[in-house]
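Visitor: Each chain, written out:
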Amino acid sequence: MPDVSDPVLEVVGLRKTFGDVVAVEEVSFAVRRGGSLAIVGESGSGKTTVAKMVTGQERPTAGTIRACGRDRSAPARGGAERRLRGREVQIVFQDPYSSLDPRQPVDRAIDEVLRLHRPDWSAPQRAERVVELVGMVGLDDRQGSALPRALSGGQRQRVAIARALAAEPEVLILDESVAALDVSIQAQVLNLLIDLRERLGITYVLISHDLAVVRQLTETVVVMHRGTIVERGRTEDVLDAPQHDYTRRLRASVPTPGWDLAAVRRALHETRPVRPLTPSC
Amino acid sequence: MNHPESAPLLEVDRLGLDLLVGGVHRSVLRDVSFSVAQGEAVGLVGESGSGKSMTVRAIDRLLPAGARQRGSIRFDGKDVVSLSGAALRSYRAEVAVVFQDPRVHINPVRRVGDFMTEVLRTNRSVRRRDAGARAVEMLAKVGIPDGERRLDQYPHELSGGLLQRVMIASTLLTAPRLLLADEPTTALDVTTQAEIMGLLDELRSDLGLSILFITHDLDLAAAVCDRTAVMYAGEIVEVRESRLLHDDPLHPYTAALGAARPLLDRTARLVAVPGRPLSALEAPTDGCAFAGRCPYVEPTCTSAAPVLVPADGGAARCVRVEALRGTLGGVPHA
Amino acid sequence: MSAVAAPVAGTRPVRGRRRTGLGATGWVSAAVVGLATLVAVVGPLVAPHDPNQADLVQAWIGPGGDHLVGLDVQGRDVLSRILAGARSSMLGPLLIVVICMLVGSLLGLVSAWRGGMVDAGVSAGLDILFAFPGVLLAALTAAVFGAGLWAAVLAMAVAYTPFVARLLRGAMLKERNQPYITALEVQGLGATAICLRHVLPNVFPFMVAQGSILFGYAVLDLAVISYLGIGVQPPDPDWGVMISENQSGILLGYPLPALCAGACIVAVVVAMNLLGERLLERAGKDGGR
Numbered sequence: 001m002p003d004v005s006d007p008v009l010e011v012v013g014l015r016k017t018f019g020d021v022v023a024v025e026e027v028s029f030a031v032r033r034g035g036s037l038a039i040v041g042e043s044g045s046g047k048t049t050v051a052k053m054v055t056g057q058e059r060p061t062a063g064t065i066r067a068c069g070r071d072r073s074a075p076a077r078g079g080a081e082r083r084l085r086g087r088e089v090q091i092v093f094q095d096p097y098s099s100l101d102p103r104q105p106v107d108r109a110i111d112e113v114l115r116l117h118r119p120d121w122s123a124p125q126r127a128e129r130v131v132e133l134v135g136m137v138g139l140d141d142r143q144g145s146a147l148p149r150a151l152s153g154g155q156r157q158r159v160a161i162a163r164a165l166a167a168e169p170e171v172l173i174l175d176e177s178v179a180a181l182d183v184s185i186q187a188q189v190l191n192l193l194i195d196l197r198e199r200l201g202i203t204y205v206l207i208s209h210d211l212a213v214v215r216q217l218t219e220t221v222v223v224m225h226r227g228t229i230v231e232r233g234r235t236e237d238v239l240d241a242p243q244h245d246y247t248r249r250l251r252a253s254v255p256t257p258g259w260d261l262a263a264v265r266r267a268l269h270e271t272r273p274v275r276p277l278t279p280s281c
Numbered sequence: 001m002n003h004p005e006s007a008p009l010l011e012v013d014r015l016g017l018d019l020l021v022g023g024v025h026r027s028v029l030r031d032v033s034f035s036v037a038q039g040e041a042v043g044l045v046g047e048s049g050s051g052k053s054m055t056v057r058a059i060d061r062l063l064p065a066g067a068r069q070r071g072s073i074r075f076d077g078k079d080v081v082s083l084s085g086a087a088l089r090s091y092r093a094e095v096a097v098v099f100q101d102p103r104v105h106i107n108p109v110r111r112v113g114d115f116m117t118e119v120l121r122t123n124r125s126v127r128r129r130d131a132g133a134r135a136v137e138m139l140a141k142v143g144i145p146d147g148e149r150r151l152d153q154y155p156h157e158l159s160g161g162l163l164q165r166v167m168i169a170s171t172l173l174t175a176p177r178l179l180l181a182d183e184p185t186t187a188l189d190v191t192t193q194a195e196i197m198g199l200l201d202e203l204r205s206d207l208g209l210s211i212l213f214i215t216h217d218l219d220l221a222a223a224v225c226d227r228t229a230v231m232y233a234g235e236i237v238e239v240r241e242s243r244l245l246h247d248d249p250l251h252p253y254t255a256a257l258g259a260a261r262p263l264l265d266r267t268a269r270l271v272a273v274p275g276r277p278l279s280a281l282e283a284p285t286d287g288c289a290f291a292g293r294c295p296y297v298e299p300t301c302t303s304a305a306p307v308l309v310p311a312d313g314g315a316a317r318c319v320r321v322e323a324l325r326g327t328l329g330g331v332p333h334a
Numbered sequence: 001m002s003a004v005a006a007p008v009a010g011t012r013p014v015r016g017r018r019r020t021g022l023g024a025t026g027w028v029s030a031a032v033v034g035l036a037t038l039v040a041v042v043g044p045l046v047a048p049h050d051p052n053q054a055d056l057v058q059a060w061i062g063p064g065g066d067h068l069v070g071l072d073v074q075g076r077d078v079l080s081r082i083l084a085g086a087r088s089s090m091l092g093p094l095l096i097v098v099i100c101m102l103v104g105s106l107l108g109l110v111s112a113w114r115g116g117m118v119d120a121g122v123s124a125g126l127d128i129l130f131a132f133p134g135v136l137l138a139a140l141t142a143a144v145f146g147a148g149l150w151a152a153v154l155a156m157a158v159a160y161t162p163f164v165a166r167l168l169r170g171a172m173l174k175e176r177n178q179p180y181i182t183a184l185e186v187q188g189l190g191a192t193a194i195c196l197r198h199v200l201p202n203v204f205p206f207m208v209a210q211g212s213i214l215f216g217y218a219v220l221d222l223a224v225i226s227y228l229g230i231g232v233q234p235p236d237p238d239w240g241v242m243i244s245e246n247q248s249g250i251l252l253g254y255p256l257p258a259l260c261a262g263a264c265i266v267a268v269v270v271a272m273n274l275l276g277e278r279l280l281e282r283a284g285k286d287g288g289r
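Keeping their order, the protein sequence lines are chains A, B and C.
Okay, so the first sequence: first residue is 1 according to my numbering, each after it adds one.
Okay, so the second sequence: first residue is 1 according to my numbering, each after it adds one.
Okay, so the third sequence: first residue is 1 according to my numbering, each after it adds one.
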């Protein structure tokens, strides 16, 4: 059981099965308020299923999820509860092209969220906040009133971030949020995310397969493999001195300047000539 | 490694390409020149819209209707552009393509064996049993020892990494001399990517295969390629020995690419160039395409289109290449 | 308002692909449809003669005088009957399309959104309806409610709804699975609001396009039903009825009245289909993802 003081998000004994397939088993972690946690894994590791259970898109088979001290393991009852949960946890997805309504200009998309969570605000109050949010993610006014199709991938991802922040959530889940971006755009968005956390004190949960991005953005990490957590710790400790076999393999697989391909080739022939067939294959 | 003495296997010379966009011809490649020697691996690195994939399609003669091409592509000394019919088929047997997502390039309802041996059986009239034996042999070469069993399986029964190996093995059946690898690991997991990269490297050293490796990842290209060309907005902006691109780049864009990636072993604020990558369609014709984002821009940069200047064993398309030499290297993570 | 990040310098929004026009075919089709609609509205008012005024002595008289396209089997002015007949020939299909789209989008939305048992139940119900041919249903309703435009419209609406509901369920399911919908759910927005404000508007262009194609089919089917005598009842003017009444003229060497009505039907059906295809193409591009 992870021991974290003042946890803003706490997950205990999470399990999810789809039919006979166990997707997630015995997953527990906690993130402190204002902290940042990465859930690292490859496809089939269960990391996305965990994110979906935290946001309420999937219902856990067993285990509990608490955000801001309130249980969210079961579906929300009623609109007020739904909106309350919306102010606790928000999410930014991977694909910037499908995560915005193609018919809704940026400002209207953000305004819709404000109307939902700040019903007492007047239209000018909301408009002022929209301008502020658009500026906060580094877009100008013209981009702020544009339709998504007039924006590039990086700009759309900034909009998705602004929309998620509009509810002023405690926790922001970044589900591979920079993975689909070009390298030079990825750097801009990573810098933006770092600045936003410094300024807003928001908590990040990063779902990622990219260890370098994990290092850049998070303090703690859990490594998932085939549905369970195989290693956890401070991000720099886990990446600099991985303990688990799988983490070491993951670490060695990242191409870096001076990557030892000969070693990779040896590993290819000696330890694992062929990937064993898993049920998901 | 480099074989300057032998004639290059593939020679792309001042390749230009216009595509029909909304009824108008628009330039997507300009002045693309590079070569791949026998047994050499060359990287082609760029972000979206840089033209790297179009270059591959031009080499493999897979261009859309209405495309207009300039310059020349020569394979083993022969002009590729004029090939057709049987000559084109035999050229394509010698130049194999490995695509990004193996899953969309294989018929899901046919067995792996049928897919692998089809070309041999139809184009080369090899008997089914012999073709099967050849396929098993090739599967063993790519690290799949139980080939017999795999031939009877359907694509959905194999993992992505295994399927990509099958794709590579199937291209080897026609005994190609050049492999065009178009982001062959982008759709795969990190550990699987390492396996495929190791495999490609092995094929090159064991079979003497030449490889043109297309990727958006500078470090990945550096891991397998002797030389790497960096593309931006439809042009090659720098072509150098791969290991030099990261430590001692000549072009500001190459430096920016290297500095933009977060590091695995330490955390430092990323140096992010402003703006977004320009696609070839938007590039200016009278100046450097990168000028709008370049921290070293000068008035001369926007007054004339820069040419590829030979420098330091490679070449860079930057008017300030001499002035900036040595200053771009390992741009500090501020 | 202290901005954390300065607006990204040097970027300008990518110019979106320009809205694709309808093309020449599309515009011609739209013009034909527009003309037919106009005639349906004002046709009976501008008809030069009373469309029902028969004079058997003048039957089968060709064009000439103040009868521009001649007189029909009962000596009625063909042009006037075409103009007056446009109303039932266009209104019927319109009603069918509107009813189908309303019911179909409701069923499709509920199926796509709820999934599971609800989806399976709706699917099973639609499958049963699917088994009845439209013309058979029309014969049944005519037998129960009496033959006429309304019975035919009701029958065809029932017959088309399973098809429409299934099409729209597919489109709505695709939209429902888009990450932006999930993002709105995570925000706490209710299902009804998401469906009305986001799913429906995004599926609407597709609905209009499909509705246009469906309209073409409906024109044809209603004409068939009228021709069979279980739709619009003679002597009321209707293009389908006109073919039925004047078919003997084709053998007698007076094909013009039947051909005129037939040409109107064909023109509307072809125009609606072409227009629908162009709209569908545009709706596909408009998604812009």
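Don't take each hint at face value.
What the hints assert, rightly or not - Chain A residues, not near chain B, derived (Cβ > 12 angstroms throughout):
#: 1; residue: 25
#: 2; residue: 80
#: 3; residue: 81
#: 4; residue: 105
#: 5; residue: 108
#: 6; residue: 120
#: 7; residue: 122
#: 8; residue: 123
#: 9; residue: 142
#: 10; residue: 170
#: 11; residue: 184
#: 12; residue: 249
Unchecked claim - Per label pair, the in silico range of CB-to-CB distance:
#: 13; chain 1: C; residue 1: 277; chain 2: B; residue 2: 101; range: 50 to 60 angstroms
#: 14; chain 1: C; residue 1: 277; chain 2: B; residue 2: 79; range: 40 to 50 angstroms
#: 15; chain 1: C; residue 1: 23; chain 2: B; residue 2: 84; range: 27 to 37 angstroms
#: 16; chain 1: A; residue 1: 236; chain 2: C; residue 2: 125; range: 33 to 43 angstroms
#: 17; chain 1: A; residue 1: 141; chain 2: B; residue 2: 84; range: 52 to 62 angstroms
#: 18; chain 1: C; residue 1: 277; chain 2: B; residue 2: 322; range: 17 to 27 angstroms
#: 19; chain 1: C; residue 1: 201; chain 2: B; residue 2: 21; range: 23 to 33 angstroms
Everything labelled a hint here was simulated from the structure, so no lab data went into it.
For clarity, every value in this text was computed on a predicted model and none was experimentally measured.
Every residue, glycine too, gets a C-beta built ideally from N, C-alpha and C.
Visitor: All hints are to be evaluated individually against the structure, with a verdict given for each.
Guide: Hints, one by one, checked against the model:
1. Its beta-carbon lying about 20 angstroms from the closest one in chain B, residue 25 of chain A satisfies the requirement of being farther than 12 angstroms from that chain.
2. The beta carbon of residue 80 of chain A is kept farther than 12 angstroms from every beta carbon of chain B, the shortest such distance being approximately 40 angstroms.
3. The beta carbon of residue 81 of chain A sits about 38 angstroms from the closest Cβ of chain B, which is more than 12 angstroms, so the claim that it is off the interface holds.
4. Against chain B, the non-interface label of residue 105 of chain A holds: every CB pair exceeds 12 angstroms, the least being about 20 angstroms.
5. For residue 108 of chain A, the requirement that its beta carbon stay farther than 12 angstroms from each beta carbon of chain B is met, with the minimum near 24 angstroms.
6. Every beta carbon of chain B lies more than 12 angstroms from that of residue 120 of chain A, the smallest distance being close to 38 angstroms; the non-interface claim holds.
7. Even its closest Cβ contact with chain B, about 36 angstroms, leaves residue 122 of chain A beyond 12 angstroms, as expected for a residue assigned away from the interface.
8. No beta-carbon of chain B comes within 12 angstroms of the beta-carbon of residue 123 of chain A; the shortest separation is about 33 angstroms.
9. Here residue 142 of chain A stays apart from chain B, with its beta-carbon at least about 15 angstroms from theirs, past the 12 angstroms limit.
10. No Cβ of chain B approaches the Cβ of residue 170 of chain A within 12 angstroms, the least distance being about 24 angstroms, so the stated non-interface status holds.
11. Non-interface call for residue 184 of chain A relative to chain B: violated, since the shortest CB-CB distance, roughly 5 angstroms, does not exceed 12 angstroms.
12. The claim that residue 249 of chain A lies off the interface is violated: its Cβ sits roughly 6 angstroms from the closest Cβ of chain B, which falls inside the 12 angstroms cut-off.
13. Against the hinted window of 50 to 60 angstroms, the Cβ-Cβ separation of residue 277 of chain C and residue 101 of chain B comes to about 31 angstroms, which falls outside the hint.
14. Range check, residue 277 of chain C to residue 79 of chain B: Cβ separation about 43 angstroms, and the 40 to 50 angstroms hint holds.
15. As the Cβ distance of residue 23 of chain C to residue 84 of chain B is approximately 33 angstroms, the hint placing it in 27 to 37 angstroms holds.
16. For residue 236 of chain A and residue 125 of chain C, the hinted distance range of 33 to 43 angstroms is not satisfied, since their beta carbons lie about 59 angstroms from each other.
17. In this structure the supplied range 52 to 62 angstroms holds for residue 141 of chain A paired with residue 84 of chain B, their Cβ-Cβ distance being about 55 angstroms.
18. Taken as a hint, the range 17 to 27 angstroms is violated for the pair residue 277 of chain C and residue 322 of chain B, whose Cβ atoms sit roughly 59 angstroms apart.
19. Checked against the given bound of 23 to 33 angstroms, the beta carbons of residue 201 of chain C and residue 21 of chain B, roughly 29 angstroms apart, stay inside it.
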